[in-house]
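As a plain string of letters, each chain reads:
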Amino acid sequence: MSIDIRSLKERRKRIFSLIRKELDTLLKDKISMFILFIIPICIITLIGLGEFSLMGGSADLYIIDYDDSEKSQEFIDMFKFNTTTDVFVKVKEDFNMNATEFEEYAKEKLPTVEIVAYIILIENFSENLENNKSTELPIYIDYIDFFAAFTAQASILDATVHYQMINQQFESDVFYFPIMKPQETINILQIAAPFLTTIMIFACLNLITTQCIVGDKPLKRLLTTPTFRFEVIIAKIGAYLILALFQIVLILLFLEFGFGIQYRCLFIELFLILLIFALNSIVIGVFFSSISSTRLQSSQLFLFFFIMMLLITQIVRIPAIVNFLPLEQATAAFIDLAYRGKSLFEVWPNILNLSIVSLFFFVINISYFQYIKKEFV
Amino acid sequence: MSSMGKLKKLTKSISRIQGLYLKELRVLMKDIFAMLIIFALPIFLVLFLGGVFGGGGLGDDDAGGGLASMLGGGLEIPIIGLIDDDNSEGFPNVDLSKVFVNKCSQYEETGEVEIIESNNQTELEILLGKGVISAYIIIPEMFEYNLSIHFPAILFVVIDILELTKLQASQGIIDIIIEDFREENKFTGVFNYEITQANIPETGRQLFSGAPLFFPMVIFAIASLTGAQLIVSDIPKDRMALTPANKFEIIFSKLISLQTAMTLLIIILLILSYFLGLQIRGSVFDFFWILFLCALLGVIYGLFMSSVAREPLEALQLFIFVFIFQIISVLFVQNELILSLLPLSNANYLIVSISLRGQSPLSEPIYYLIQYGECIILFLAAYLFYKRRKVLL
Numbered sequence: 001m002s003i004d005i006r007s008l009k010e011r012r013k014r015i016f017s018l019i020r021k022e023l024d025t026l027l028k029d030k031i032s033m034f035i036l037f038i039i040p041i042c043i044i045t046l047i048g049l050g051e052f053s054l055m056g057g058s059a060d061l062y063i064i065d066y067d068d069s070e071k072s073q074e075f076i077d078m079f080k081f082n083t084t085t086d087v088f089v090k091v092k093e094d095f096n097m098n099a100t101e102f103e104e105y106a107k108e109k110l111p112t113v114e115i116v117a118y119i120i121l122i123e124n125f126s127e128n129l130e131n132n133k134s135t136e137l138p139i140y141i142d143y144i145d146f147f148a149a150f151t152a153q154a155s156i157l158d159a160t161v162h163y164q165m166i167n168q169q170f171e172s173d174v175f176y177f178p179i180m181k182p183q184e185t186i187n188i189l190q191i192a193a194p195f196l197t198t199i200m201i202f203a204c205l206n207l208i209t210t211q212c213i214v215g216d217k218p219l220k221r222l223l224t225t226p227t228f229r230f231e232v233i234i235a236k237i238g239a240y241l242i243l244a245l246f247q248i249v250l251i252l253l254f255l256e257f258g259f260g261i262q263y264r265c266l267f268i269e270l271f272l273i274l275l276i277f278a279l280n281s282i283v284i285g286v287f288f289s290s291i292s293s294t295r296l297q298s299s300q301l302f303l304f305f306f307i308m309m310l311l312i313t314q315i316v317r318i319p320a321i322v323n324f325l326p327l328e329q330a331t332a333a334f335i336d337l338a339y340r341g342k343s344l345f346e347v348w349p350n351i352l353n354l355s356i357v358s359l360f361f362f363v364i365n366i367s368y369f370q371y372i373k374k375e376f377v
Numbered sequence: 378m379s380s381m382g383k384l385k386k387l388t389k390s391i392s393r394i395q396g397l398y399l400k401e402l403r404v405l406m407k408d409i410f411a412m413l414i415i416f417a418l419p420i421f422l423v424l425f426l427g428g429v430f431g432g433g434g435l436g437d438d439d440a441g442g443g444l445a446s447m448l449g450g451g452l453e454i455p456i457i458g459l460i461d462d463d464n465s466e467g468f469p470n471v472d473l474s475k476v477f478v479n480k481c482s483q484y485e486e487t488g489e490v491e492i493i494e495s496n497n498q499t500e501l502e503i504l505l506g507k508g509v510i511s512a513y514i515i516i517p518e519m520f521e522y523n524l525s526i527h528f529p530a531i532l533f534v535v536i537d538i539l540e541l542t543k544l545q546a547s548q549g550i551i552d553i554i555i556e557d558f559r560e561e562n563k564f565t566g567v568f569n570y571e572i573t574q575a576n577i578p579e580t581g582r583q584l585f586s587g588a589p590l591f592f593p594m595v596i597f598a599i600a601s602l603t604g605a606q607l608i609v610s611d612i613p614k615d616r617m618a619l620t621p622a623n624k625f626e627i628i629f630s631k632l633i634s635l636q637t638a639m640t641l642l643i644i645i646l647l648i649l650s651y652f653l654g655l656q657i658r659g660s661v662f663d664f665f666w667i668l669f670l671c672a673l674l675g676v677i678y679g680l681f682m683s684s685v686a687r688e689p690l691e692a693l694q695l696f697i698f699v700f701i702f703q704i705i706s707v708l709f710v711q712n713e714l715i716l717s718l719l720p721l722s723n724a725n726y727l728i729v730s731i732s733l734r735g736q737s738p739l740s741e742p743i744y745y746l747i748q749y750g751e752c753i754i755l756f757l758a759a760y761l762f763y764k765r766r767k768v769l770l
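For the protein sequence lines, the chains are A and B, in the order given.
The working numbering applies: residue 1 is where the first sequence begins, and numbers increase by one.
The working numbering applies: residue 378 is where the second sequence begins, and numbers increase by one.
There may be inaccurate statements among the hints.
Claimed, not checked - Listed next, with one range per pair, are the computed distances between beta-carbon atoms: (1) B:Arg687 x A:Thr45: 23 to 33 Å; (2) A:Thr45 x B:Phe528: 45 to 55 Å; (3) B:Ser660 x A:Val113: 11 to 21 Å; (4) B:Phe665 x A:Thr25: 40 to 50 Å.
Stated by the list, open to error - So the derived list for chain A, only partly shown, Cβ under 7 Å to chain B, looks like this: (5) Ile41; (6) Gly48; (7) Glu108; (8) Pro111; (9) Glu114; (10) Ser134; (11) Pro138; (12) Gln169; (13) Glu171; (14) Leu207; (15) Lys217; (16) Ile291; (17) Arg295; (18) Leu296; (19) Ser299; (20) Tyr339.
I should point out that these hints are in silico values taken from the structure, not numbers from a laboratory.
Just so you know, these numbers come straight off a predicted model, no measurement behind them.
Cβ atoms here follow ideal geometry from the backbone N, Cα and C, with glycine treated the same way.
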């Protein structure tokens, strides 16, 4: 047997031994196991059983009637009785005020939680409708709570359309009633699943791996043996990847059999994309661990990266950055595979992106640990 | 013991706490890298939300962007399919469906939307299913005719709901295009809605909408993460047992030193937000106090985890459990009982009610009381756990 082959075999043996050692340590750590396997179950159950509605429940409105006509009363009644959404309407008679006082009162109450919006029925409301077939409708909506504002706007549109239909009163207008696709009933867990799964995998694995080098006290002694530094990195990544494998299977099975989430792709395809993402989370975590000199530093790096990634993918969405973030890539690939029924081949840009980021951090990890990190010397 | 003796004991205890406080503060500040991250995170957050890096769903000029853009769809450029099925006649010198198509192209030229014109609905259905387009519009037959006889024209719009950010962006741009078309051609309908988006400030809108969620999130996360390492990672603390300092003094000094750093952080956050145009209806002091309480709870949660955990890794793991549980609960759970017990959710609620809506702090006493109660109970629990911990000398 040549020396090269023997050396390769020994290297492989060393790496496998190191993986076993890492796994032994991790498996003994009950809290790690709890984080990796119980947290996802708790969170999925919490959301799966919880109630959620995009429409912020009922909308409380004031209608200020300056017209005091039969038509304006009909309009108010449409909100009170005929709307398909949950609306609670109050008018000036409820407060024993005249219209001007009531408008002032509504203005005062708009920033509070008492009302979401108020509508003004102008003085010539019925006259305009009769003569011009059209009238202005000033509406003031409180936009501090977006969901409540959304509900109020939808309720107002719904009631005014009903009013037109019942009174057969039409005028040139352009509108639409959006058809949402897919049309089958989708619960909140189904909508949240791609983001939820990826965020749980990233947060759990990345945080745990941020401690794998900086918190490994016996590592210094280990490096006095013939073990190479890059073997240590590979072994650590390998060990965490094995745990990730079980975590992913658990999450996917629990979503499918616990809450009936249906995947339109092969289970193995979804599993593979999440495994690539898990690898990504692990190598980034190892990188944070390599460059930190204390546990606190590495966990803060995790926190910094995690919150920034959350902010950019969910709120700010800067195009130059968002498309390179692992969380965005993995979530998009999850949606494409699980809900759009695409094949693994079709999500190659996401796979390529995740792989390049993983490779980049892997090379940096090896180089940094091999040549730059001197604490162990 | 005489009252004089008690006073002397108390004075000594205070002086020990003072010494320990200075020591803890020095230890915290010594870790320059950790401090940099602590301060960099909120600064970056405010700069991002303040639109300094050019991102954002709601810029200051974005007054007419509608709800969709307020929810974060501002920079997502949606790809929308368009079919013109209208061949009807209504107006002599104009083809209204063409005008609508041109209006869409006009928005495409400004880079706000990408339009894919087609004459085949099945093709657009396939593209929608594959996620290539996020919505499609069909201008139906009789579009122009209906408008010409003073009838409403109803567009056929299909939107993909699988990706929420794209959904918001596409619905937002469709609303804007239709509104523009209506106003330009004076098709205002029976009710000409004059909608005023009230209570949204002129400047710093994104900071305004992001503050209730992201400010408490960052402050709580930093406070509890750092706090989670204060006891379990402090190896020399066991030697403190040889000094007259007792465990209460040690844990209390840790609490106030980290809270001092957090206070500094909150002040920086508020000053930066002010310069980036954040406008609130409530007082700055109330806003500061809500964030201060959130930080205090974060520190105490951290100390509690640190006193319970046997290893620094365990403390970190407990932190991630608490943190992720809270984020997910705030985003997806609507059970008021659960939410009222969570610091992140409480701070979120108080910022919206008191700082953004301008309600009196006395209007929400229960939320403050829960937070004060949690502070006391958790701090006592942290102290008791720490007291029971065996000292290894």
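Results of checking the hints against the structure:
1. B:Arg687 x A:Thr45: 23 to 33 Å: Given a distance of about 28 Å, which is inside 23 to 33 Å, the answer is holds.
2. A:Thr45 x B:Phe528: 45 to 55 Å: 51 Å Cβ-Cβ, so the 45 to 55 Å window holds.
3. B:Ser660 x A:Val113: 11 to 21 Å: holds, 19 Å
4. B:Phe665 x A:Thr25: 40 to 50 Å: holds, 44 Å
5. Ile41: Violated, because the Cβ-Cβ distance from Ile41 of chain A to chain B comes to roughly 12 Å (cut-off 7 Å).
6. Gly48: violated, 10 Å
7. Glu108: violated, 11 Å
8. Pro111: holds, 5 Å
9. Glu114: Violated: closest Cβ of chain B sits about 10 Å from Glu114 of chain A, beyond 7 Å.
10. Ser134: At about 6 Å, which falls below the 7 Å cut-off, the nearest Cβ of chain B leaves the hint on Ser134 of chain A intact, so it holds.
11. Pro138: Constraint on Pro138 of chain A satisfied, holds at 5 Å.
12. Gln169: Cβ of Gln169 of chain A sits 5 Å from chain B, so the hint holds.
13. Glu171: At 5 Å from the nearest chain B Cβ, Glu171 of chain A passes the 7 Å test, so the hint holds.
14. Leu207: holds, 5 Å
15. Lys217: violated, 11 Å
16. Ile291: violated, 9 Å
17. Arg295: holds, 5 Å
18. Leu296: holds, 5 Å
19. Ser299: holds, 5 Å
20. Tyr339: Cβ of Tyr339 of chain A sits 5 Å from chain B, so the hint holds.
Hint violations for this structure: numbers 5, 6, 7, 9, 15, 16, all remaining hints satisfied.
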